[in-house]
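**Q** Sequence:
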Amino acid sequence: MQAKKRYLLLFSCCAFLFFGYFGYHHFKAHRQSKWHHHLSSYSEDSDLLQDEDISPSPRFRRLSDSGGGGGSGGDVRDCRMETCFDFSQCERGFRVYVYPIDDNVPPSASYAKVLNAIRESGYYTSDPTQACVFVLSLDTLDRDTLSKEYVRNMQYRVQRLALWNNGQNHIIFNLYSGTFPDYLEDLGFDLGKAILAKSSISIENFRQGFDISLPLFHKSHLEKGGEEGFLESNKFPGNKKYLLSFKGKRYVYGIGSETRNSLYHLHNERDIVLLTTCKHGDSWKGYKDERCDHDNAEYDR
1 MQAKKRYLLL FSCCAFLFFG YFGYHHFKAH RQSKWHHHLS SYSEDSDLLQ DEDISPSPRF
61 RRLSDSGGGG GSGGDVRDCR METCFDFSQC ERGFRVYVYP IDDNVPPSAS YAKVLNAIRE
121 SGYYTSDPTQ ACVFVLSLDT LDRDTLSKEY VRNMQYRVQR LALWNNGQNH IIFNLYSGTF
181 PDYLEDLGFD LGKAILAKSS ISIENFRQGF DISLPLFHKS HLEKGGEEGF LESNKFPGNK
241 KYLLSFKGKR YVYGIGSETR NSLYHLHNER DIVLLTTCKH GDSWKGYKDE RCDHDNAEYD
301 R
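Throughout the sequence shown, residue numbering follows the UniProt record's numbering, covering 1 to 301 in sequence.
Each hint can be trusted.
Once the Cα atoms are required to be at most 30 angstroms apart in a straight line, the calculated DSS-like pairs of lysine-lysine come out as:
| hint | residue 1 | residue 2 |
| --- | --- | --- |
| 1 | K285 | K249 |
| 2 | K113 | K224 |
| 3 | K148 | K285 |
| 4 | K247 | K285 |
I should point out that these hints are in silico values taken from the structure, not numbers from a laboratory.
Here the structure is a predicted model, which means the values were calculated and not measured.
Sequences and hints are given; from them, build the entire structure.
**A** Dropping the structure here:
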């Protein structure tokens, strides 16, 4: 008798699971049908067939079907990781290859620090066949045509690189572009499908989820830190004298002037110290405002 009860209980559980499983899929199919009926103008049959697949996205599948996905075709101005980056090169792990230095165009001291940091990291590889990401040895940090560190004929130089492949899986580092006061963001060569790691990049040119926004660092910035720190505790919030500090040029005209000319509103000489100078370029005196003399004196103090 006890055995019959146990088998009956087991059968009941199986039946419950059976009807629950098929009931769920029936409900799901019905819900999917209603969703497709109401949104037929915004969806495609290929998207519905792959609703279990959360990666890649429907947009990427449509690009792939038309020959535009996986890094081929499409407008590079609309590049995203799923359209302009070849993930298959990263199946062996995240490795970064740095091109050999061209003796005819050696990198600046600042860019040499960037390259050295990569080479000394655990991600570096000297074998390009093992690389996921490629970094040029050609110096692209300063693309101001008036700069002494501006590398000319960059378009010709990158196109003759055997591994360039229209910039795919490459990262281009840039801190300065254009000339004061306009600072146009044209780097003087075609990036192709390369990722741009840049300072002061505009919203209009920044490709969300693809490009990288970098902080602007000074040429004298140390490649490595000094002595080891002596942190005894990790307190939050931190007990520090200054909450925010900045010292630099405020452009009295041109791109960036509107933002930097407003910094004095935050300056309180206590925990927020923002020191700016109007001295920039040769024509700043013609655009100086009533605060320039005071700001210059504070900056030079």
